[in-house]
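Construct the entire structure; sequences and hints are all you get.
Per the UniProt record's numbering, the sequence shown starts with residue 1, numbered consecutively.
Simulated from the structure, these hints should not be mistaken for laboratory data.
Small disclaimer: the values here were computed from a predicted structure and weren't measured.
Possibly wrong hints are sitting among the right ones.
Straight-line Cα separation of at most 30 Å, DSBU-like style, residue types lysine-lysine; simulated pairs [claimed, not checked]:
1) K427 to K377
2) K427 to K401
3) K115 to K93
4) K389 to K413
5) K261 to K294
6) K231 to K115
7) K174 to K242
8) K318 to K413
9) K389 to K427
10) K243 to K173
11) K294 to K372
12) K259 to K294
13) K259 to K32
14) K413 to K380
15) K261 to K34
16) K259 to K93
17) K378 to K401
18) K427 to K413
19) K318 to K243
20) K318 to K389
21) K32 to K294
22) K243 to K372
23) K377 to K318
24) K93 to K243
25) K34 to K259
26) K378 to K231
27) K377 to K389
28) K389 to K372
29) K32 to K261
30) K242 to K259
31) K259 to K243
32) K378 to K318
33) K427 to K318
34) K261 to K243
Beta-carbon label-pair distances, calculated as ranges [to be verified]:
35) R384 to T289: 36 to 42 Å
36) R355 to H251: 25 to 31 Å
37) F410 to R355: 27 to 33 Å
38) Q322 to K242: 16 to 22 Å
39) A223 to T289: 18 to 24 Å
Even for Gly, the Cβ is constructed at its ideal location relative to N, Cα and C.
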Amino acid sequence: MQRSIPEETVEMVRRHTDIADLIGESVHLQQKGKHRYSGLCPFHEENTPSFSVSQDRQLYYCFGCGAAGNVFTFIMDQEQLTFQEAVRTLAEKANIPVEIPEATLSVPQKNHSLKEGCQLAARFYHHLLMHTEQGREAYNYARSARNVSEEAMRHFQIGFAPSEREVLSLLFKKREFDLSEMEEADLVQRREDGRGPFDRFNRRLIFPIWDMGGQPIAFGGRALDEAPSAKYLNSRETPIFKKNEVLYAYHLARPAIRKRKFVVLFEGYMDVVSAWMAGVDNGVATLGTALTGKQAQLIRRLSDQVTICYDGDSPGEKAAIQNAETLEANGCNVKIAPIPADRDPDDYIREQGARAFMENMIEGAVSVLSFKMNAYKKDKNLQRAGDRKEYIEWVLEALAKISSPVEREFYLKQLSDEFSISLEALKQEQYRMYQRVRGKSNASYDRRERENAGVSTPFQKNLLPAFHNAERALLQMMMEEEMWAERVEEEIGGNFNVDEYAAIAAHLFAYYGEGYGAGSAGFLDYLEDEELSSIAAEIAMQPGGEMNPDAFADYIHQVKNYSSWVEIEQKEHEQKEALQKNDAETAAALGQEIIALQKKLGRKAVRPRYLRAYLQ
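Below is the structure:
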């Protein structure tokens, strides 16, 4: 692979980047061994973890979709970067100086310009709020009317868009930005009469919206007064901003989520800011849309424990329930904070204080079913027998979808106490509903239960023949130590029986021939064929076999013997055909050849059990 970065620099960056820490910033990893971690694959949607990370080998591999690589390929795939850009990104994290010629950067120029425009706008708006007389009114409004601390303003890079509608546009002109591209980024707009562009935001507090890596890609604006414009104004969707694929403050909350092991989901950015000041630093927010499956997967990668904290009005309740169901469908355990009616989290914090919010809303969050029950009651008059009966039946049917017997028992007792109904009668009715609901989806339920219990392993491979395992073990040894590659080259050269393994071996010989150091992570950088890279990563990630001369000799013996066994099988088949044709002379000659091959293999050689299947 041709590189514009010195190999020693690449190796230095690799050594200073821990793959478990890097991937752990965006994927919720659970330790499965001394150096092994697993989690949900960030490259395809799944509910059962199939993504494995090896800290000692500095590799990852997904047994579901085959995604594989090292620290560089992970960043490249996650953030759509070139190899050179990935090295630069990780070098900056590790404080390693590295220079990359701009000619090697291949991110589409338009998207690069759009992001640069957003970065400039974010810095400009923040400067206006924090350091200018022009932004003093907005600063005072944020401090007094919204109780936003200066620390929070800096943490969230809050800014101010002034009343004048050409301030940012003039800055773009001065910096020689393409204004048509800034219009595409929704930072400026064209006038109806065709005259010069004007700023998209004015007289608003500005909240940058970031991508997963922390780069500004859009903005939200809150009006300083309630009229005549809308209270909130968000960027439209652009080539670099898809609101249903982004969560506000995701990169800021990520470290706290890993520490606290749960996520708090809010409706808006002001709720996130207020909660952060109240000590809830693990909060993210949707951007005015219902939570999507992709956003739920982003959350699940960080933690499967989620507390939803939405407005206490009817739309907020409905949104909380809808999003809770989306999160549960994506494998999350969800609770919902009981925000009082006609209040939002920001209101509650300002009125009741940080401690009350933490204790009553976050720590006091209730299960999704409890929240649904309370919401359902609001539309019923439980003094009326008909409404009471409907409510009880609704709860019993909801309980039929809950797999935990303990949880079902808890709510049945609650119903029994609340309505003075026999617990036994409730159990009988609930069991009838349970059987009916379970009968409709028994197969999928059983599969889900097995997965939850860790019984099923949908990505387990079929057992491979001995020669397959031997060739894989040899390749693993070759990747980890150059000495074994030299031994393999001496013993069998590139004569592997599996074509893909032979190709990987050939690349390994070339890799060491060009002076690269041993290590599977470095070898994956060298491989340019995606299919071979995936196979090589899977081999490198397999449980380590023995790496000693005796094991090596056995592996070589199995690889060499396989071709002889194939030849014996073929000659036996030809001998059988000759006998059927009464061609005794040919049959006898073939018999002598078979005996000679068997002697060559030796008495201890065992015919592979899977051989006939592979020959058919």
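K115 and K93: Cα distance at most 30 Å? Judged against 30 Å, a Cα distance of about 20 Å means the pair holds.
Given the proposed pairing of K389 with K427, does the C-alpha separation stay at or below 30 Å? holds (15 Å)
Self-check item: Restraint status (C-alpha distance of K318 to K389 at most 30 Å)
Solution: Distance ~23 Å between K318 and K389 Cα, so the pair holds.
Next on the checklist: Run the distance test for K318 versus K243: straight-line Cα separation, threshold 30 Å.
Outcome noted: holds (20 Å)
Hinted pair, alpha-carbon criterion (30 Å max): K32, K261. Please report holds or violated.
holds (17 Å)
Does the hinted range 36 to 42 Å hold for R384 and T289 at CB? Holds - the Cβ-Cβ distance for R384 and T289, about 38 Å, lies within 36 to 42 Å.
- Between K261 and K294, is the straight-line Cα distance small enough, at 30 Å or below? Judged against 30 Å, a Cα distance of about 20 Å means the pair holds.
Quickly compare the C-alpha distance for K259 and K243 to 30 Å and report which way the hint goes. holds (27 Å)
Can the restraint linking K294 and K372 be considered satisfied, given a maximum Cα separation of 30 Å? holds (24 Å)
#### Entry: Agreement of K242 and K259 with the hint, judged by alpha carbon distance not exceeding 30 Å
It holds: about 28 Å lies between the C-alpha atoms, which stays within 30 Å.
Between K259 and K93, is the straight-line Cα distance small enough, at 30 Å or below? Roughly 20 Å separates the two Cα atoms, so the pair holds.
>> Hint check: K378 vs K318, CA-CA at most 30 Å. Holds or violated?
In response: Roughly 13 Å separates the two Cα atoms, so the pair holds.
Figure legend: structure checked against the earlier numbered hints; every hint is met.
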